[in-house]
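Chains F and P supply the protein sequences, listed in that same order.
Position one of the first sequence corresponds to residue 1 (this note's numbering), numbered consecutively onward.
Position one of the second sequence corresponds to residue 1 (this note's numbering), numbered consecutively onward.
To be clear, the hints were calculated from the coordinates, so they are not data collected in a lab.
There's no promise every hint is true.
Claimed, not checked - Chain P is nowhere near these chain F residues, computed Cβ spacing over 10 Å in every case:
| id | residue |
| --- | --- |
| 1 | Gly16 |
| 2 | Glu22 |
| 3 | Met45 |
| 4 | Ser73 |
| 5 | Lys97 |
To be verified - Which chain F residues face chain P? A few, computed with CB under 10 Å, are given here:
| id | residue |
| --- | --- |
| 6 | Val4 |
| 7 | His7 |
| 8 | Thr17 |
| 9 | Ser18 |
| 10 | Gln29 |
| 11 | Gln38 |
| 12 | Lys41 |
| 13 | Cys94 |
| 14 | Tyr102 |
We put the beta carbon where it would ideally sit given N, CA and C, even for glycine.
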Amino acid sequence: GAVVSQHPSRVICKSGTSVKIECRSLDFQATTMFWYRQFPKQSLMLMATSNEGSKATYEQGVEKDKFLINHASLTLSTLTVTSAHPEDSSFYICSVKSDRNYEQYFGPGTRLTVT
Amino acid sequence: EDKVVQSPLSLVVHEGDTVTLNCSYEVTNFRSLLWYKQEKKAPTFLFMLTSSGIEKKSGRLSSILDKKELFSILNITATQTGDSAVYLCAVNGGSNYKLTFGKGTLLTVNP
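One chain only, chain F, in its complex shape (with noise of 0.2 Å):
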């Protein structure tokens, strides 16, 4: 069964508003999430690592501001996407380090398109 799930799958929003994204992990414990973005035909780039209880690392050129990441238990992060814009149109997928054995497990992606 799914390891890591995220909600919603898809959602358009209309410029301007804010979408909040959910990582959950459901069969263990993360202290540490991390948040990746990929463009259509382009790799993934990790926008951000996000760790319990503590403020979320960014990668350079990530906005800090824009991208609001919430880690507040150990079983779930959120990504709020603030005023967004068409740019910011992609698929956001979260993944899972276990506590456990460090291995990583993916979020199904959520697709966001703004109109």
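Given chain F, work out where chain P should sit, using these hints.
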């Protein structure tokens, strides 16, 4: 900065052919190299390699790592149309276990 380079970027073959996909890397603190297959959705895990020279095999797919030359190959024998996908190579390095991905190889298997 960690770097992963995959080649070729795209490949078109006929069913039954054998293909070899390449991945070279530069990483500060190597932990493992991973191969994923991506179709329409999120990547699905294929292999994780940590030691040089030990082949990992799953059905028609196999992979091996060379830590001295800093590369890995993914072989697919007797290809089928269902093997058509983007194959991603990623390196796990650094103190926080983050993955750095290559651009992927788009494999198209024609009947």
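Hints breached by this structure: Failing hints, ascending: 3, 5, 7, 8, 9, 10.
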